[in-house]
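**Q** This is what each chain is made of:
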Amino acid sequence: MSGIKTMRDAMIARILDLMATDERLFFLSADMGAPLLDTLRESYPKRFINVGIAEQNLINVAAGLAMEGCCVYTLAIAPFYLRAFEQIRNNLSIAARFNPLNVNMMGIGGGVSYDISGPSHHALEDLATLRSLPDVAVISPADWLAASQLPDFAQTAPYPKYIRLDGKGHEPVTTQPMVWRQGFQTLQQGARAALLTTGFMTQKGQKLVAELGEADIGHIDLFQFTRDLDEQALAQTLRGYGRLVTLHEGYLGRGGLDTLIDTLCRQHGLSMPVTHLGFPLAHQFLFAPREHLHAACGMGIEDVKTALLA
Amino acid sequence: MELSAKAIWVREQTLLLHQYAPGTRVASSLSPVEFLVSLYYGGYLRHRPQEPRWAGRDRLIMSKGHGLVSLYPILADCGYFPMEELPKIATQQSYLGVIPDAGIPGVETTNGALGHGLGVGAGMAIALKAQGSQARVCVVCGDGEMNEGSVWEAIMFAPKHGLNNLMLVIDDNKISMLGFQREILNLSPFVDKLSAFGWDCHRLDGHDMAQVQTRMQQLWLNPGQRPCAVVLDTVKGKGVAALENRALSHVLSLSHDQVETAIQELRP
Numbered sequence: 001m002s003g004i005k006t007m008r009d010a011m012i013a014r015i016l017d018l019m020a021t022d023e024r025l026f027f028l029s030a031d032m033g034a035p036l037l038d039t040l041r042e043s044y045p046k047r048f049i050n051v052g053i054a055e056q057n058l059i060n061v062a063a064g065l066a067m068e069g070c071c072v073y074t075l076a077i078a079p080f081y082l083r084a085f086e087q088i089r090n091n092l093s094i095a096a097r098f099n100p101l102n103v104n105m106m107g108i109g110g111g112v113s114y115d116i117s118g119p120s121h122h123a124l125e126d127l128a129t130l131r132s133l134p135d136v137a138v139i140s141p142a143d144w145l146a147a148s149q150l151p152d153f154a155q156t157a158p159y160p161k162y163i164r165l166d167g168k169g170h171e172p173v174t175t176q177p178m179v180w181r182q183g184f185q186t187l188q189q190g191a192r193a194a195l196l197t198t199g200f201m202t203q204k205g206q207k208l209v210a211e212l213g214e215a216d217i218g219h220i221d222l223f224q225f226t227r228d229l230d231e232q233a234l235a236q237t238l239r240g241y242g243r244l245v246t247l248h249e250g251y252l253g254r255g256g257l258d259t260l261i262d263t264l265c266r267q268h269g270l271s272m273p274v275t276h277l278g279f280p281l282a283h284q285f286l287f288a289p290r291e292h293l294h295a296a297c298g299m300g301i302e303d304v305k306t307a308l309l310a
Numbered sequence: 001m002e003l004s005a006k007a008i009w010v011r012e013q014t015l016l017l018h019q020y021a022p023g024t025r026v027a028s029s030l031s032p033v034e035f036l037v038s039l040y041y042g043g044y045l046r047h048r049p050q051e052p053r054w055a056g057r058d059r060l061i062m063s064k065g066h067g068l069v070s071l072y073p074i075l076a077d078c079g080y081f082p083m084e085e086l087p088k089i090a091t092q093q094s095y096l097g098v099i100p101d102a103g104i105p106g107v108e109t110t111n112g113a114l115g116h117g118l119g120v121g122a123g124m125a126i127a128l129k130a131q132g133s134q135a136r137v138c139v140v141c142g143d144g145e146m147n148e149g150s151v152w153e154a155i156m157f158a159p160k161h162g163l164n165n166l167m168l169v170i171d172d173n174k175i176s177m178l179g180f181q182r183e184i185l186n187l188s189p190f191v192d193k194l195s196a197f198g199w200d201c202h203r204l205d206g207h208d209m210a211q212v213q214t215r216m217q218q219l220w221l222n223p224g225q226r227p228c229a230v231v232l233d234t235v236k237g238k239g240v241a242a243l244e245n246r247a248l249s250h251v252l253s254l255s256h257d258q259v260e261t262a263i264q265e266l267r268p
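In the order they appear, the protein sequences are chains B and Y. Residue numbers for the first sequence follow full-length UniProt numbering, so the first one is 1 and each next one is one higher. Residue numbers for the second sequence follow full-length UniProt numbering, so the first one is 1 and each next one is one higher.
Since the hints were made in silico from the structure, they are not lab data. Don't be surprised by glycine CBs; every beta carbon is placed ideally from N, CA and C. Be aware that a few hints might be false.
Claimed, not checked - Computed beta-carbon distance windows for the label pairs:
no.	chain 1	residue 1	chain 2	residue 2	range
1	Y	G179	B	P280	42 to 50 Å
2	Y	L221	B	R41	28 to 36 Å
3	B	V179	Y	G43	49 to 57 Å
4	B	T306	Y	N147	50 to 58 Å
5	B	R239	Y	N147	37 to 45 Å
Claimed, not checked - The calculated BS3-like cross-link candidates involving lysine-lysine, where the alpha carbons are at most 25 Å apart (straight line), are:
no.	chain 1	residue 1	chain 2	residue 2
6	B	K46	Y	K129
7	Y	K88	Y	K129
8	Y	K160	B	K46
9	Y	K193	Y	K174
10	B	K168	B	K207
11	Y	K129	Y	K160
Said to hold, decoys possible - Away from chain Y, derived, C-beta distances all over 10 Å, residues of chain B:
no.	residue
12	N57
13	A62
14	C70
15	R97
16	S117
17	Q189
18	D216
19	D230
20	L281
All chains, full assembly: derive it from the sequences and hints.
**A** Next comes the structure, spelled out in structure tokens:
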């Protein structure tokens, strides 16, 4: 399984398969398209709904469908879900206390996928913001192969999920099957330091860890941020490393991957040095390719290598 | 008991709930009473109180959540929970809060934050149609709630999808929290606006039981091709002189004695 694909297309391809046999499956879009979505909406015109450019109604309609037992996918640009935060909070998170609500929010363009579109399209708050909700799972796959396995997992997980998908196509980082209820995977063993990444940063991390060769650097991809992360197992895995470096496309110290690891270390008595790399708390107006944006914010390839070898 | 007498009983019970829990929004809860009585006792809502989540039930979403405490006595009277539950409202011994939530038998959703009910109701209506269900969805909003943009996203959505199993009820009691709506955003006339958006919309005297019954007979039992809306011309705090037409009635609490006086006023 190789080749370049987007996470979005890989997910939609599998959803399309499942819609053939599962009549309770609906796909809602906030006027966002994709080539495969054309096939989907032509094949299932009654179960594909374009709600228009209306993210609040996207979530509300999805919630209503799910309350009647439907499994629902929603498609919108990642940061635009924040417009519907109250709808997610009230009609998915609170409502999930009383109903099994299988709503799968596909957020396209996690982090700075839309690098040259500027801050309105950057999703640097989504992980932290949605992680704050008690009954919403937050999932951040690293590659399209993982994304392609998500719909089958979603069928077995009847609760609201925010799924952060990268906007760019890429090669898969691994062919090992996803263990969704573990929430993390070790891509490279090591002892000196561990690089912890999520989403597209896992792809970047894999390349730079390979470049470090014999430096004994481990690499862990974290793809579940809330209910399905096995924190005990993650703490046990991290215990063997001399230092930790986290790298994610989100603001530092505001509830993202770095905060998750800090809390985990404190709760499980891990005391190795930890360095966090991510965006400073500032909207980014540098209209440049992604790596330039990273380098300008202290999270370029060389910054990560330096932190790992410290 | 005839429906008008039932409406008086519901108002009495709503006032007593306010006496037990002064944090309840009593004025807002008194305006939609005739509609609720018609829905539950007039032969319209299909439901099974002993089986609250019966698949064939009609769904009522109380989008103006805090303004529908008057539903509690109706739910108890219908048998969703014992009448003895009412005096325990807003205590550790009760599941009844001053805003209804979906943990209460007979309550579908948790509202209170405004502007959520209609979109959720539209989603339910689509699912019910897809499943071949005859069940209908009714969403009760306040006129102040119509200020929320998310309501209008759903208003645009429902006619496009032919949701003739969806009814929007606007309790037009003309006062939101800080005063009269005509001085805040003045969305009147609702009928013209909703009609322009493709709804089958009607205005009626929300306190005239005969009018409410006639309109429900037409719209609930014989739906057309479009989603329908009923604008109830109501009085906030209806039946209580200390509340009616008071700009800040939404946040007013009545004293124990005021409740006693108000109950005496209600009785014919």
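**Q** Is the hinted pair K193 of chain Y and K174 of chain Y satisfied, with a Cα-Cα distance of at most 25 Å?
**A** Distance ~16 Å between K193 of chain Y and K174 of chain Y Cα, so the pair holds.
**Q** With respect to the beta-carbon atoms only, verify the hint that R239 of chain B and N147 of chain Y lie 37 to 45 Å apart.
**A** For N147 of chain Y against R239 of chain B, whose Cβ atoms are near 54 Å apart, the range 37 to 45 Å is violated.
**Q** Is the Cα-Cα distance between K160 of chain Y and K46 of chain B 25 Å or less?
**A** 13 Å, holds
**Q** Is C70 of chain B truly not at the interface, in the sense that its beta carbon sits beyond 10 Å from all beta carbons of chain Y?
**A** 5 Å, violated
**Q** Verify the proposed pairing of K129 of chain Y with K160 of chain Y, using a straight-line Cα cut of 25 Å.
**A** Answer holds: K129 of chain Y to K160 of chain Y is near 14 Å, not above 25 Å.
**Q** Given the hint that K88 of chain Y pairs with K129 of chain Y, test it: the Cα-Cα distance must not exceed 25 Å.
**A** 39 Å, violated
**Q** Would L281 of chain B pass as off the interface with chain Y, using Cβ distances and a cut of 10 Å?
**A** For L281 of chain B, whose nearest Cβ neighbour in chain Y is about 28 Å away, the distance exceeds 10 Å, so it holds.
**Q** Note whether the CB distance of T306 of chain B and N147 of chain Y lies within 50 to 58 Å or breaks it.
**A** 53 Å, holds
**Q** Confirm or reject the claim that V179 of chain B and G43 of chain Y have a C-beta distance inside 49 to 57 Å.
**A** Cβ of V179 of chain B to Cβ of G43 of chain Y: about 55 Å, so the range 49 to 57 Å holds.
**Q** Verify this label for me: N57 of chain B is non-interface relative to chain Y, using a Cβ-Cβ cutoff of 10 Å.
**A** Non-interface label fails for N57 of chain B: nearest chain Y Cβ at 4 Å, not farther than 10 Å.
**Q** Report holds if the minimum CB distance from Q189 of chain B to chain Y is greater than 10 Å, and violated otherwise.
**A** 47 Å, holds
**Q** So is D230 of chain B really clear of chain Y, every C-beta pair being over 10 Å apart?
**A** 30 Å, holds
The structure is inconsistent with the numbered hints 5, 7, 12, 13, 14 and 15, although it conforms to all the rest.
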